[in-house]
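Chains as they are written, first to last, in numbering that gives the first Met the number 0: chain V, 0 to 647; chain H, 0 to 647.
Think of the hints as simulated: they come from the structure by calculation, not from any bench.
A quick note: this is a predicted structure, and the numbers were derived from the prediction, not measured.
Glycine included, each C-beta is placed from N, C-alpha and C at the ideal position.
You can take every hint at face value.
To give an idea of the interface, some chain H residues facing chain V are shown, with a C-beta separation under 8 Å as derived from the structure:
hint	residue
1	I167
2	L313
3	E316
4	N319
BS3-like mimics (lysine-lysine), calculated; alpha carbons at most 27 Å apart, straight line:
hint	chain 1	residue 1	chain 2	residue 2
5	V	K199	H	K604
6	H	K174	V	K346
7	H	K266	V	K182
8	H	K474	H	K617
9	V	K199	V	K174
10	V	K266	H	K182
11	H	K604	H	K378
12	V	K346	H	K346
13	H	K264	V	K174
14	V	K604	H	K199
15	V	K604	H	K157
16	H	K266	V	K174
17	V	K199	H	K157
18	H	K498	H	K63
19	V	K199	H	K346
20	H	K346	V	K264
21	H	K573	H	K378
22	H	K266	V	K346
23	H	K182	V	K264
24	V	K157	H	K604
25	V	K266	H	K174
26	V	K63	V	K498
27	V	K174	H	K346
28	H	K199	V	K157
29	V	K199	H	K199
30	H	K199	V	K346
31	V	K396	V	K573
32	H	K174	V	K264
33	H	K346	V	K266
34	H	K264	V	K346
35	H	K264	V	K182
2 protein chains.
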Amino acid sequence: MKKTVSVTFEPGGRIVQGQSGEMLIDLARSQGVHINASCGGSGVCGKCRIIIEKGGVEGGKSEKISAEDFEKGVRLACSSVMIDDVTVRVPTDSSLHKGGLSLQVPVRHRAMEHHFDIDSLRKEGLFFPPVEKVALELPPASATDNMADAGRLVQGLKNQYDEHRLIIGLPALRKLRDALREKNFNTTVTLARPVHNNGKTHVVNVQSGNWVNRNYGLAVDIGTTTVWGQLIDLHTGEILAYTGDYNGQISYGEDVISRIIYAEKPKGAELMQELVAATINKVITTLLAESDVDRDEIDSITVAANTTMTHLFLSLEPHNIRRAPYVPVSTFFPPIRATDLNLDLPKHAIALLYPAISSYVGGDIVAGVMGSGMYRTDKLTLYIDIGTNAEIVIGSKEWLVCAACSAGPAFEGGGIGYGMRAANGAISDFSMHPQTFEPMNTTIGRKAPIGICGSGLLIIIATLFEHGVIDQRGKFNQDLDTPRIRKGKSGGEFVLAWKDECGINSDITISEVDIENFIRAKAAIYAGVKTLVEEVGLHITDLERIILAGAFGSYIDLDSAMTVGLLPEFDAGKIMYVGNGSLMGARMSELSNHIRQDVVNAVQKMTSFELSEVAKFKDEYVASLFLPHTDTGLFPGVKNRKEALLNS
Amino acid sequence: MKKTVSVTFEPGGRIVQGQSGEMLIDLARSQGVHINASCGGSGVCGKCRIIIEKGGVEGGKSEKISAEDFEKGVRLACSSVMIDDVTVRVPTDSSLHKGGLSLQVPVRHRAMEHHFDIDSLRKEGLFFPPVEKVALELPPASATDNMADAGRLVQGLKNQYDEHRLIIGLPALRKLRDALREKNFNTTVTLARPVHNNGKTHVVNVQSGNWVNRNYGLAVDIGTTTVWGQLIDLHTGEILAYTGDYNGQISYGEDVISRIIYAEKPKGAELMQELVAATINKVITTLLAESDVDRDEIDSITVAANTTMTHLFLSLEPHNIRRAPYVPVSTFFPPIRATDLNLDLPKHAIALLYPAISSYVGGDIVAGVMGSGMYRTDKLTLYIDIGTNAEIVIGSKEWLVCAACSAGPAFEGGGIGYGMRAANGAISDFSMHPQTFEPMNTTIGRKAPIGICGSGLLIIIATLFEHGVIDQRGKFNQDLDTPRIRKGKSGGEFVLAWKDECGINSDITISEVDIENFIRAKAAIYAGVKTLVEEVGLHITDLERIILAGAFGSYIDLDSAMTVGLLPEFDAGKIMYVGNGSLMGARMSELSNHIRQDVVNAVQKMTSFELSEVAKFKDEYVASLFLPHTDTGLFPGVKNRKEALLNS
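Let's have the full structure, built from the sequences with the hints guiding it.
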């Protein structure tokens, strides 16, 4: 059981509340208490020494702390876990020289997480899985009533459930005789609803006896990097298992373009299809192993993916996705038998693919728009999924516009000297002392730092800018009194961690070239959002809500994002994070046939813009190549944050 | 070029018209001129000697005719082919003893053949193949118009052909990119219409360039014995090739019951499916070899078959078809991908199966009702397909009733001492001298007789009865002065051909047991027809038209059928023969989507009776166990025919 603990930071006597089990250093950072820490929390640098004056913590030991000091209460903040109320003294060599604890680094905000709400789906009458099981007790055949088995079934569904317009598929017909007779004409029928109201309901499966409570579906998100899957109880709406695995295509290229290039080779497309199908099959096997569901009990699968991934999964030729004028084969996909896609699922299982909008606004984004509920909100909303490409959707239930911006790989660590993916040892969080400019790094997995991931890069650049270490153009202030600013091979650079604190054999730095690349990436996205809003005659300040999707969105520090001008200045309380919006949308479609029907309407409402074809986009882009923007009036919060630091 | 020739028969000087190329003996028989001929036309018996007095014939030579006789004009009638006007003397030892040529055997009637009329289909606006090809010229994609290929196609179909509610199948999507670009966005689209008006039209194929004139389909009839197929030009409606092959299942049993029994064994059903699919594949290969059509150009296949054959083809469990209360798995079948049925056809080809009515009134009969136009006639019609089971349909466009009668295998030569299938050497036609009782046999293929096929059996029994050789109960008149009537192992029998005239090492006879079996078979059918008519409150004399279907129907001698009481007494001019009604119906469905739609209505209109459950059927059956019937008033024509013979 977690409990609330009070932590008193000395000197200064500031009292803040935390949770037992939390790392002390994380509480300090979140509350703006600066403790020097270069090594990312791995204990290598030993700079984050603190003294426990009252109460106790768990951990915090290190070979860098003598037995004598340990006895006195000295610990490393980066490995101390809070267990109860405690008073902590941050020594001068740790809170550093001037100012001490009265100095505070800015408090950081993350986006609120939007949880998929099965109850509200129920309340709104939208919980209506497209695949449903019903139990039938039929009169056995007799000499005076020797209707065919199929006719008897249809009659029973009509009489007992008022079902009409039925069609019985071949796999169900093949099982029908035994399924009826094994339990004396008591049977369970699996019905798959049409997406369109005037379509037919398909009888996809029959089982002897009553199995209405065992009805399962899959939601799958095919990411370029990772394939995620959920096993869903279609009866209760619950997620029974959730897992992911690397997309097997990844060894043939990290991004969609290199996958397309590979698919254009002889047999390349077949291989791409087989690899992603094999990955999905692995995911399915894991999901089943984590549950008591049999493979044969899966009746349905909904897949959401970007346009390239969808094309490769369906073996549609992706060539023109990467060539102007960027024409996909299709943006709508028919229902497809799962086994036709090499999925290891029952013969009757049907795969539904989320429709796409264009070559670069795919089914993953459409799924997010559906899953987040954006398609039925009154509020003018910005939905944004930031990656190598940022997909942007703006609108409400009345209208939707969308576009993709090519941001480049900076947010995934690409084109950055020490950039890396979000993996162990990546600096993912950062703050600095406003006077000494000494950093407070946190790494993923608390390993000695080996590089910088996207969310780390964002917060580092924002922090450097807020502290005046870099200027509006991203150039270092060479006048500052710190050995961390120096000239490197690529011009000015800042040392985030010294070699002896690192997990690699060099200092880890951020250079002006890195910052330039980052600024180009964030400028493309901001310019995209601004252009799109203005194309529909509105202003960026008219936005009422922001929904962040994708892996990057979950780690993003909102204040930093606004400081650098990646996101428009906004009340953090109105920014929501939906995580894997694509998977959320896929799950929604598994649980609500209404939503499957609405998808078609939503997609038809979505107007796609090619930003490269919109004249003003280029101007907006150039205007955005500053921190936060040429027009600082758009970012009043930055000025406030900077002034607060100067006055601290 | 055939031409009409005049043949004068002497003595008597009777002049009749025939066709050049026709066999002289056939003309004689059809015109009631008796020429003795036991050996079936094989030339073995040499009894059919004639003398050509004027003009000439081709053939007619035999080692039984000396050079001297040949010089005098002596020929064998059974191998003489008419080429021009000719005068023929039938010598006393051939026209036999008393009476000579003034004696006439009855003139025989065959049913008029009903030809499938593509022109009338066109005139009535019913020529509307469910699979159609249309040519599209689309604007190429550009930076300002970069709609997906599929969207462009749908837009083009809407603009150029007013097509709506389209769905593009996966096989077509997979080809789409290249199909559009190979000929600069000129493409041919194959559209498959929905059976129901509110369904969707499927884009099943796309080709680059214009191929609208090359659109092909298959009509297939799966008979228990033979599988027939037609390759159809869906653009013109013409049959491009027509072939048949033995159903590969035949080595596992000749009738449906033994096939079902085999299918119940482990792996039996799979084998039955594979065997019939392999047969269809052979038929398809032959059809393609006889045309310039590529396999990939076949878009559609319609299959009609009896209920058991349909079940085995679809791998539906047929077990309950042979067990009371005779419940098939289904009588309606969904559209099925041809490759799912192991057919060697393109991936996009869809197989449509004719719906059935019950376990013993199958899709073959429904197809016949559709193909013959019975479902839209005003006239009260009897449709009958005679085999081991006789399927009977009675009605008009307003209503339809149907039933199956188990006639037993007599019509296929089963249960008859010298019975055989309609193959070379089977006695298939017959007449006799009214005073000497000498027979005039014709065999299939003009081979020395080896047995009796169904149509031969019918005409033999009718002739024996008409000539008073057997009585109403089928017993021989032992008082007649002929060595051909004798006591055999199974009671009385009649020698049709003596051993030395035969292709087997014994006399060929027909026994009272054979006749009894035949009477039971014909009684079941007649009683079935009468019961069915009366069940709907009508009388058998209300029938306005008879349609005969099936192989047996094509050879049936109508007068004989009425003489024995197999068919009701009827004006032969109102009896039509449709041949393979099942195949005709399959072809109609390939050519007319209206008819596909009408099938559903027709089937829903068709009320099926289980004759065994209708109390009066048994009484009718017993009353029919006479030649022609207990109630001779039902068959006035028989009396007339018998009297004419007595007075001749």
